[in-house]
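Q: Given next are the chains, with one letter for each unit.
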Amino acid sequence: MAEKLISKIPEGPLSEKWTKHKSQLRVVNPGNKRKLEIIVIGTGLGGASAAASLGELGYNVKVFCISDSPRRAHSIAAQGGINAAKNYQNDNDSVYRLFYETIKGGDYRSREANVYRLAEVSGNIIDQCVAQGVPFAREYGGMLANRSFGGAQVSRTFYARGQTGQQLLLGAYAALNRQIAEGTVKSYPRHEMLDIVLINGEAKGIIARNLVTGEIERFGAHAVVLASGGYGNTYFLSTNAMNSNGSAAWQCYKKGAFFANPCFAQIHPTCIPVHGDQQSKLTLMSESLRNDGRIWVPKKKEDVMKLRRHEIKATDIPEEDRDYYLERRYPAFGNLVPRDVASRAAKERCDAGYGVNETGLAVFLDFSSAIARLGEDKIRERYGNLFQMYEKITAVNPYKEPMMIYPAIHYTMGGLWVDYNLQTTIPGLYAIGEANFSDHGGNRLGASALMQGLADGYFILPYTIGDYLATQFKNPKTDTSAPEFDAAEKAVRAKIDRLMSIKGKHTVDEIHKKLGHIMWEYVGMARNEEGLKKAIGLIQDLRKEFWSDVYVAGDTDNFNQELEKALRLSDFLEIGELMARDALNRKESCGGHFREEMQTEDGETLRDDKNFMYVAAWEYKGENEEPELHKEQLKYENIKIATRNYKD
Amino acid sequence: MDFTLRIWRQKNAKDKGHFETYSVKNISPDSSFLEMLDILNEQLIHEGMDPVAVERGCQSSGPVSFDHDCREGICGACSLYINGRAHGPDDEVTTCQLHMRKFHDGDTITVEPWRSKGFPVIKDLVVDRRAFDKILQAGGFISVGTGGVPDGNAILISHETAEESMDGAACIGCGACVATCKNGSAMLFVAARVSSLALLPQGKIEGAKRAKAMVAKMDELGFGSCTNTRACEMECPKHVTVSHIARLNREFLSAKFKD
Numbered sequence: 001m002a003e004k005l006i007s008k009i010p011e012g013p014l015s016e017k018w019t020k021h022k023s024q025l026r027v028v029n030p031g032n033k034r035k036l037e038i039i040v041i042g043t044g045l046g047g048a049s050a051a052a053s054l055g056e057l058g059y060n061v062k063v064f065c066i067s068d069s070p071r072r073a074h075s076i077a078a079q080g081g082i083n084a085a086k087n088y089q090n091d092n093d094s095v096y097r098l099f100y101e102t103i104k105g106g107d108y109r110s111r112e113a114n115v116y117r118l119a120e121v122s123g124n125i126i127d128q129c130v131a132q133g134v135p136f137a138r139e140y141g142g143m144l145a146n147r148s149f150g151g152a153q154v155s156r157t158f159y160a161r162g163q164t165g166q167q168l169l170l171g172a173y174a175a176l177n178r179q180i181a182e183g184t185v186k187s188y189p190r191h192e193m194l195d196i197v198l199i200n201g202e203a204k205g206i207i208a209r210n211l212v213t214g215e216i217e218r219f220g221a222h223a224v225v226l227a228s229g230g231y232g233n234t235y236f237l238s239t240n241a242m243n244s245n246g247s248a249a250w251q252c253y254k255k256g257a258f259f260a261n262p263c264f265a266q267i268h269p270t271c272i273p274v275h276g277d278q279q280s281k282l283t284l285m286s287e288s289l290r291n292d293g294r295i296w297v298p299k300k301k302e303d304v305m306k307l308r309r310h311e312i313k314a315t316d317i318p319e320e321d322r323d324y325y326l327e328r329r330y331p332a333f334g335n336l337v338p339r340d341v342a343s344r345a346a347k348e349r350c351d352a353g354y355g356v357n358e359t360g361l362a363v364f365l366d367f368s369s370a371i372a373r374l375g376e377d378k379i380r381e382r383y384g385n386l387f388q389m390y391e392k393i394t395a396v397n398p399y400k401e402p403m404m405i406y407p408a409i410h411y412t413m414g415g416l417w418v419d420y421n422l423q424t425t426i427p428g429l430y431a432i433g434e435a436n437f438s439d440h441g442g443n444r445l446g447a448s449a450l451m452q453g454l455a456d457g458y459f460i461l462p463y464t465i466g467d468y469l470a471t472q473f474k475n476p477k478t479d480t481s482a483p484e485f486d487a488a489e490k491a492v493r494a495k496i497d498r499l500m501s502i503k504g505k506h507t508v509d510e511i512h513k514k515l516g517h518i519m520w521e522y523v524g525m526a527r528n529e530e531g532l533k534k535a536i537g538l539i540q541d542l543r544k545e546f547w548s549d550v551y552v553a554g555d556t557d558n559f560n561q562e563l564e565k566a567l568r569l570s571d572f573l574e575i576g577e578l579m580a581r582d583a584l585n586r587k588e589s590c591g592g593h594f595r596e597e598m599q600t601e602d603g604e605t606l607r608d609d610k611n612f613m614y615v616a617a618w619e620y621k622g623e624n625e626e627p628e629l630h631k632e633q634l635k636y637e638n639i640k641i642a643t644r645n646y647k648d
Numbered sequence: 001m002d003f004t005l006r007i008w009r010q011k012n013a014k015d016k017g018h019f020e021t022y023s024v025k026n027i028s029p030d031s032s033f034l035e036m037l038d039i040l041n042e043q044l045i046h047e048g049m050d051p052v053a054v055e056r057g058c059q060s061s062g063p064v065s066f067d068h069d070c071r072e073g074i075c076g077a078c079s080l081y082i083n084g085r086a087h088g089p090d091d092e093v094t095t096c097q098l099h100m101r102k103f104h105d106g107d108t109i110t111v112e113p114w115r116s117k118g119f120p121v122i123k124d125l126v127v128d129r130r131a132f133d134k135i136l137q138a139g140g141f142i143s144v145g146t147g148g149v150p151d152g153n154a155i156l157i158s159h160e161t162a163e164e165s166m167d168g169a170a171c172i173g174c175g176a177c178v179a180t181c182k183n184g185s186a187m188l189f190v191a192a193r194v195s196s197l198a199l200l201p202q203g204k205i206e207g208a209k210r211a212k213a214m215v216a217k218m219d220e221l222g223f224g225s226c227t228n229t230r231a232c233e234m235e236c237p238k239h240v241t242v243s244h245i246a247r248l249n250r251e252f253l254s255a256k257f258k259d
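Line by line, the protein sequences are chains R and C. Position 310 (the first sequence) corresponds to 310 in the numbering used here; numbering is contiguous. Position 189 (the second sequence) corresponds to 189 in the numbering used here; numbering is contiguous.
Because the hints were derived from the structure by calculation, they are not lab data. Where hints are given, some of them may not hold.
As the list claims (entries may be wrong) - Restraint-style ranges between C-beta atoms, simulated for each label pair:
#: 1; chain 1: R; residue 1: K22; chain 2: C; residue 2: I205; range: 26 to 36 Å
#: 2; chain 1: R; residue 1: T556; chain 2: C; residue 2: D30; range: 55 to 65 Å
#: 3; chain 1: C; residue 1: K25; chain 2: R; residue 2: S369; range: 41 to 51 Å
From a predicted model like this one, the values you see are computed outputs, not experimental measurements. For every residue, glycine included, the Cβ atom is placed at its ideal position computed from N, Cα and C.
So that you can see chain R by itself, here it is in the shape it has in the complex (with noise of 0.2 Å):
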């Protein structure tokens, strides 16, 4: 089965990969991609920027969102920014340097010929952007401003404020929303693909629920884009937005696409704490905020108790009995150590009873320090939104007192397996964004997501798709009415219609809270042996659970928010085990991924990188049967395998 994985990666020096394949690749011409129709899953950076650019070329493309518009997908909340190797600032930036962090910041687990392309676009990204009238930071000299981020020890971040996602999918928006007036895509907002549909064993439409109508249609095409993003909210509370799933790329999963690194999910260490069970999500804040935010707990238990009892402030108590302790730990990185490390250094304090607040499940992002060098005034232009989003939150002035953070679910690694062409192991099928694999490895740095959806989207998949649509522009339209569509429309419909007539106890919340807790506790921020195989049992039994005693209200011919959650929620019981698999294989402790039993004297990732450089691709081999396993060896020819050090 092995053959499943050919990766593609082009022969040759690493920084000619991408010239040398792109000469390559066939194109399709004019004429001939006028009659060819694509389909493309999701408006996010990824799925946008490709509609648009397919639009340009000449296709046809179908674009789908489940949000009333292309503009509220999630990449809009992205706050802090975008990297790119510039070297605007002088400080000895380069494509090698950004690749080089990048596989480095990923510890090791990423491929290293799709990140060099990644770092090789990264430059045209922002000239797209500006080009579009995103308003980036700009100097006073009216040059573009850069800022840092962590895991970089050079200055290559642009932004916008704390919207830089959002002003960058207006960017690709507005590109979409012009080919959407010139006629080369169509937009179907309110829709929700529901299956893939293959013929002949290639991806050749969709099953889509018009969420409005609750309509079941059917979408041909001659290939299909998955933009759907990642599977965060497997855990409940996490980042995400509230809709934000992986039924999607579920679906092309159980349809023969192979899901890589299901485990490689990222903790964000910024995160506004949980304040209690009726919280619904968790508001993250910026790593931007780490710049001129200092983290810190206090050094004496009884501070800690006082702080709990309200009856001290942060700001009672004296410089000297702070614990500056990512400084202490990481000297040479400080505040900006990647996320994972910053996750896990917060989680150490917190366990060590140092919790700054009620839950004890709290540490301070201080800024008094900054205020102090640089005033509030520049504070509030760099951050003031996110400042005024705290205090909304929280109550809480963050120019007066400093904020309180805590790790929590914001991104996956993990997604569908794409090769050198960003194809699945299905033909025809291409997943681009956060919804494959193969860019961030075992941890994302900072800025990196915004930066992979676009160069994936605007400049690597309009190429590398025109090598597949260039042996398909003699076939047909696909033909709707093929046995293949009645065949994924009826078991559609019977999903739906088994998920209606259950009629139980639970509310789908109630049933995706529990989901949460299970992933939190045994495949979160630390995971074990013992816990996994516990995890597995659990999610097993309520997924029994679920399809015996969950109850959704409404509706099927009809606007129906519950439906909508609980067809995601049956997926993500399926994706959350998947998940406790992939970490259980995984022996070893790498980026995100961190397994208690593989771990230094210090508490820092213990990599085994004779036995798991790799990739874990799984296969789905039917209901209830375990899936298997493939491995995509990672060969790193170009760059020298370390421990990750952020210490010096």
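Dock chain C against chain R, hints included.
A: Okay, now just chain C, sitting in the frame of chain R:
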């Protein structure tokens, strides 16, 4: 905290709609408004699954539908009219960032969908805002394709100009301006985009044409005209000001002169 909720219920676009009254108890002041609605919905679902309650004449229409997604004030999906104000009684927030500590224990809270001709109701509190997409499709972009563009620093933009452009670009497309306006005008939404792009050298080229096309589309879609009441600015969760409307008018007039 305990609350009485008067919520607009409407099965679909054709239904006439009506208010229903519910009560919720033990709500944490730290809960967001939408989390409070989540709790109400869990309650309504449980009532609906209880045959005894239904037999007793429990008349619930099931869980309340409302749009929401990011719940951190940036996606623009949430859209409630709360006690007569778009996004409720706090300033510069979306409904998802409104917290129950802004209300008093025992309050009666009235919740309605956006009320505007431009935004027909889909169900309960959910409205159809596709008109906003259509307005932007009419010209809310710079006509540049992927690739073949100059270096980012080849276009110099002053710090102040970039900041001012960003002020307009901060619009999240929620529709509060339209819902608040007595004329149902989408002027602030249109102006935010026109002005943000017109300020930038790369956007200026199509400025007049863009203004004309977007205003024409806004009129065509049934949005009202602007009479400078400035209500939109008061309720905008992102503090987009009417100064952008002034800039839109300049662009629009310049387009008219060229005709």
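Q: Each hint: holds or not?
A: Okay, the hints, checked on the actual structure:
1. Roughly 31 Å separates the CB atoms of K22 of chain R and I205 of chain C, a value that falls within the hinted 26 to 36 Å.
2. Between T556 of chain R and D30 of chain C the beta carbons are some 36 Å apart, a value that contradicts the proposed interval 55 to 65 Å.
3. The hint said 41 to 51 Å for the Cβ distance between K25 of chain C and S369 of chain R, and at roughly 45 Å that hint holds.
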